[in-house]
Amino acid sequence: MADREYAYYSGCSLEGTAVEYDISVRRVMEALGIRLSEPEDWSCCGSTPAHTVDHLLAAALAARNLTIIEKMGFNTVITPCPSCMMAFKKAHHRMKEDIRFKDEVNSLLDEPYNLNVQSKSALQIIIEDIGLEKVKERVTHVMPDLKVAPYYGCILNRPPEIAQFDDPENPLSMDKIFTAIGVEVCDFAFKVECCGAAYGVPKRDMVNELTYKILSMAVDCGANCVAVACPLCQQNLDLRQQQVNIRKNTSFNIPVLYFSQIMGLAYGYSPEEMVIDKLVVNPDSLISSRITLSQWNEMKAREAEASKAKKKEKKNIEKIEEET
Amino acid sequence: MSDIAPKELKIVGFLCNWCSYGGADTAGVSRFKQPPDLRIIRVPCSGRIDPLFVVKALLNGADGVLVSGCHPRDCHYSDGNFYARRRLEMLKRLLPFLGIDDKRFHYTWISASEGQRWQQTVTAFVKRIHELGPLNLKEEKQS
Amino acid sequence: MDAINLTIIDRNFIELVKKESGENPYLCYQCGNCTAGCPYTTFFDYPVSQIMRLLQTGQKDIILNSRAIWVCATCETCTTRCPCQIDVAHIMDTLRIIARRENRVSEKDIKLFYDEFLSSMAKYGRIYELGLLLGYNIKSGHIMTDADLGPKVLTKGKIHFLPKKIKGRDKVSKIFERFKDRTRRDGR
Amino acid sequence: MRVGVFICHCGNNIAGTIDVARVAEETRKIPGVVYATTYMYTCSEPGQEEIKEAIKREGLDRVVVAACSPRMHEMTFRRTVEKAGLNRYFFEMANIREHISWVGEDKEFNTRKAIDVVRMAVAKVMQNRPLFSSSFKINKRVLVMGGGVAGMQAALDCADGGLEVVIVEKSQSIGGMMARLDKTFPTIDCSICILGPKMVDVAQHEKIKLYAYSEIDEIKGYVGNYQVKIRKKATYVDWSKCTGCGACMEKCPSKNAYDYFNFGVAPTKAINIPFPQAIPKKAKIDPNYCRQFTKGKCGVCAKICPTKAIDYEMKDEIITEEVGAIIVATGYSLIDMDMLPEYGGGRYPDVISGIQYERLLNASGPTAGHIERPSDHEEPKTIVFVSCAGSRDKSIGIPYCSNFCCMYIAKQAILTKDHISDSQSYVFYMDIRSPGKGYDEFTRRAQEEYGVHYIRGRVSRIYPKGKKLVVRGADTLLGTQVEIEADLVVLATAVISNKDAAYMAEKLHISYDTFGFYVESHPKLRPVETNTSGVFLAGACQGPKDIPASVGQGSAAASKILALFSGETLESDPAVARVNINACVGCLKCVKTCPFGAIKEKELRDGRVVADVIETVCAGCGVCTSTCPCGAIQLQHFTDNQILAEVNALCLI
Amino acid sequence: MTVEKLKETVLDTLKDVELVMGYQMGFDALHATPLFIRKKEDAERLIWNPLCVHNLTTYLPSLKKSRVGVVVKGCDSRTIIQFLQEGLITRENVTIIGIPCQGIISVRKVLKEIEYEPVEEVSFNSDSMTIKTLKGSKTLKIEDVWPDKCITCKYPTPLIYDYLIGEPVSFDRGVEVSQVIKELEGKSLNERLAYWQKEFDRCIRCYACRNACPLCVCQDSCIAETREPHWISQRLTLNEKFMFHMIHALHLAGRCVECGECARVCPMDIPVNILKKKINLDMKELFGYVPGVNAEDKPPMYTFNVDEVNIKEHGI
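Protein chains in written order, with the working numbering: chain A, 27 to 350; chain B, 788 to 930; chain C, 3 to 190; chain D, 1046 to 1698; chain E, 45 to 360.
It should be emphasised that the hints constitute simulated quantities derived from the structure, not laboratory data.
Be aware that one or more of the hints could be misleading.
Claimed, not checked - In silico negatives: residues of chain D with every beta carbon more than 12 Å from chain A:
#	residue
1	Glu1094
2	Glu1260
3	Thr1288
4	Asp1383
5	Glu1387
6	Arg1392
Said to hold, decoys possible - Non-contacting residues of chain A with respect to chain D, defined by C-beta distances greater than 12 Å in every case (computed):
#	residue
7	Asn196
8	Phe214
9	Lys217
10	Pro297
Claimed, not checked - Mimicking PhoX-like on lysine-lysine, the simulated pairs with C-alpha atoms at most 20 Å apart in a straight line are:
#	chain 1	residue 1	chain 2	residue 2
11	A	Lys304	C	Lys154
12	D	Lys1286	A	Lys239
13	E	Lys356	B	Lys890
For each residue, glycine too, the CB sits at the ideal point set by N, CA and C.
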């Protein structure tokens, strides 16, 4: 039963290297009562490369998709990939600010885009439209061993004028979601530090240097896994973790999961359903301790009982001591 | 008179002495350039401005009227601009009913320190009046 | 560095950047916050704040030949923290576009990667990751780029062997064509 | 009618972009104008002489000066025409400088505009009527709002000059920000040692009445005759009994109250005396923390108090004071560190503000003058000072410089070295602003003698790494990123106006700028006056300023009031509303709208009811005039006919 | 019968007051005219029917200090409330005899229907009237010859009274905005300006509108005729006439109770009441204020709110 329906633009990465992000987001959204409608025949958003050619071209490539979504009758599109989301938001923003720019963009398109679509990250939809209450309600499983470093990446919330969501320096949306589903969050200082983005291929060394810093900070703050919301971040931190180990002579072995995978596991989906096996650094040891919420509650109740009994005993002893 | 320069239009400004007149002075002291069309009438308070002055100016041949007072709550006379706000809003809504574009009449609040805001307001308002062109309500002198 | 002659400042270049980016570089008072926050400062030949300073003095050649404008990944840290509210990342973007237009590319690999990305897009409408990587490897001459990752990616089934072609790919390529026409028309 | 017009060149200020000769020529064609001339500097003594002579020579009965803003020289020229025997209101000014020559670029347009503006002034002056002021008695008492160093200085100077003074201080003790400082730059004088004696003087001066922990509820009246309602807030301690012994504070079980005086560096007791030198040295209960209030039981202080001063039932008390002038010296605030999330102030305990560090340095502070990290009370060795933390930052709406941070950072860095000899201080700065006497030498000493490391560049991020804080900034002189692993970071947080600054301004009918700082009458020549006569400014409520500047303004404001009160009476402004009883129909709508209650109903001998203006109460806003449907009540000098004359002069040509 | 009850009440009232105002027949069968009853026998001439169009409260402010009685319809009673809001009359001095009203006629509309023939006789049935002229007789539905104000009327029963003659009635046709305003608002700015210029150009500056208006308190002091202040000259130019009507309209902003007397008395048939009605619509929208409904209200132009929720700042 779907409460709401949104357009859903997965983007190229989520069809390929980040297929687990796509699947987990779809499943989690379903669990939260959200129906997703994929625009037919969407094309690549243009991402960073288009921006190096021309602002106009970049905006046009993004806007083509927005036009399709607009014609579907949606005013919001969920865009899990921050790069696509920012491409959409920037195109929309600049077209809105400058009517002449809008006209020029539309002159490159078959059908004009009329500024009626807001693109939002899955996180934004969860926080703003669904609400933490509901996020919490849906929990069936607890993963007591997980200590997450929430890594938001650079462009999810920035620049703030365009992103219009969460804090650009200390974002908390992921933190809040994890807390709501009972996962321990570490105070991670490098939430918004850049991982090197698309330079993985042409500037691998540079990316390795940057991810090294991020992984070190994650380990330093006591995390045993990193949660991400971006396919490029995931790739750079996970797929290239071994490259970092070789280059920096380190031995990182820290799993990097999509936040949606963690949510899915808490909602009772199996690791297979969350496509955990696509991750390069294996998180099995962390998630094998997963128990159901009722088991967890029983355990907690027993603990509480025990500590109460202990207190009582202590009091009795004190009493006896006093008497004697 | 110069034939090359486009003719300036007739725009009357009613400014309260304490805030907006001071704001216009501040703009002057800071040399914030403005189009030449506006002529300023100084009044003690925007509350002194009878909407009929605006009507009179328009009927007499003004192409636009700009009124500016202290920001609400910042009136030198504590409440004058609160009365002004009601009266001027009433007029603003009546003008189009009479067939006079209410874009020709603007009222706003500018403090003595807001020289830049004054410059922006004048520039934008004069531009708008030029876009609208002359109003031509003035009658030829009758004998 | 040679002495920079400031007798004549290249106003045209400054105006061009101003116009294309919509940003005013003279708002910059050289606090250095962009340089301080930039994750790429160590990889830059000129740190961002110096690019801004060079821009204020109209040093077109130094800027367009710099590596910095290519290495910038538009992570928006500078824009977010600039106390003068300058969209620094957007200025970097603009400078990169101008450099590309003038065929001044100091970071050939990065540009090649971008070009391969866009041609993949123009061809299929979406990005064909494997094709992109292979194309890049062949053209850059770095045949072995990320070869170490190959097995991981392939065994995990994370990458498709064939491109996904969308129906509207001609529509996407038409956007590119119209853009090229427009550029030609503008005489760039 | 014989109008004379004097058009000022103002050197090149006006004549540079206005053809003044043509303005004069066109002006001569206006009916009623019998004389028009230009003059290089009309406001100069010979310029004024020229006006006086022309009045006699040409038999002028009205005068127009086309020059700068009337806000500048209207008074000057009114006096001039008066000396030549004309009523001072037979004068008008046409503002052709601020409103024309300085803002218009085209000489032709400017000239035409100037001609119009002069024509309007001529039309108005021909409608002017002679007005005469009357005098009224004044109350020579002074209200000083704020007991910081500026307010104290103003109060002492007024009181020494023989005036009675009422000080209203918001917090529990006078002393303000200066009382919190450890030392002062550039002399390293002990702050409280030099302030303390002044505080005692204030307390002991027979002409000064102090209301501490009090606020202004309402201000009514006008220069010479204000009625001020003061709210003495409940302290829950009867100060007439409290001896300031401190026994209550010692025994109070509620130990986690927020310490406003120490800016929360450490908690304090729910009943407290903020610092040893406090004046008045009286205890106050914070009901947000006191157990008697939060839990409904405790009463420890009431039991312990030797004079039985505790009164949990105490209520706010309203007192009315009558004064003739007001000095506003309400000081400033500082931004919250959480406005700068990238620095982590508020999140990381060892990132603190400059004023908090001041309390750590101070011997009467919570650490008794030992510098320690708030997190683990260890002595920091590497201390980083970040200047412009929020200042000169348009992105958070504070584009201005906070004025004194550069200097206190240098002072704090020097003191740090004195406290911890093996420490190393770093200062991130954009520019070192040290223009005062001995100031620049002081910042040099910090670097040359105390080895403080100055880094030119801004800090981008601060994040924790183990027990340390990594400060990542830029050294723009090197053109690199730099990182420092610090034990303690001190942010020179930006100076802002008080939260209630706008609210107070509205009560006082004075202006404030975009940032909430009060606006002076003239930035150069009337720095402590406001546009509301009788209200004066002193200290940082007008803009960030350091101690000597604040003290200077306090004295300046006091001297202005001593001059104002040199006689027994003041002259009233005759530009007030006046009722034409023949036209008044007695509908009394003016009574409803007058903001000052200056209009009363009056019954004439024939039984007709008309409106009647109380001249001393009327402030001259003219709301009544634009309310009156029959034009019977007219604000003098801004009558309907005068304004209509201007409208017509402009439009009907 | 209503008239009998009315006479009774008037006579009763006359014991306490100097004067009671009501209606009597006028110069022909189609016109009523005010009746000033000072003596018992005057009351004999009292009538009550849809010809009683005048707003008799107009005289009240000039009689502020006298004790008077007045016969009012629902619409007229609003004037009294407005007077009370503005302190123009003393409530204790006025005895209000209210009559619930089913709508009155517009003489102008009737005359048009009978092609301006001299009227010999008029008779009323429950909802129609029959007019006899030389050319025969004609029956009209009263509704069809209502003046504008009856179409938008919301208060047929007086809102304030000391005596009520007859049972309260209520009708509300659900019409808020009169047809003329709707039509004008559908026109372009230039068309509207031309409309008003054409209407005002016919004005002969007789000031009948002003004199008939109960709320035009200035009367002899009206700034349309003074030199101190000198708002307009006595020239008969279009702009001077335009200005006069603007003075009239703006001085009634938020005060006009829409009694329609100004338009009724205009010899040139200029719709002078429309401007005030339009302002009233704005007053309702901006301040939720309807004139002459609640004696405790404050006329919106003589008061303010620090935060005006419905006034938005205008950009350029």
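Here is how each hint holds up against the structure:
no., hint, verdict
1, Glu1094, "holds, 59 Å"
2, Glu1260, "holds, 35 Å"
3, Thr1288, "holds, 41 Å"
4, Asp1383, "violated, 9 Å"
5, Glu1387, "violated, 4 Å"
6, Arg1392, "violated, 7 Å"
7, Asn196, "violated, 5 Å"
8, Phe214, "violated, 9 Å"
9, Lys217, "violated, 10 Å"
10, Pro297, "holds, 33 Å"
11, A:Lys304 - C:Lys154, "holds, 9 Å"
12, D:Lys1286 - A:Lys239, "violated, 63 Å"
13, E:Lys356 - B:Lys890, "holds, 15 Å"
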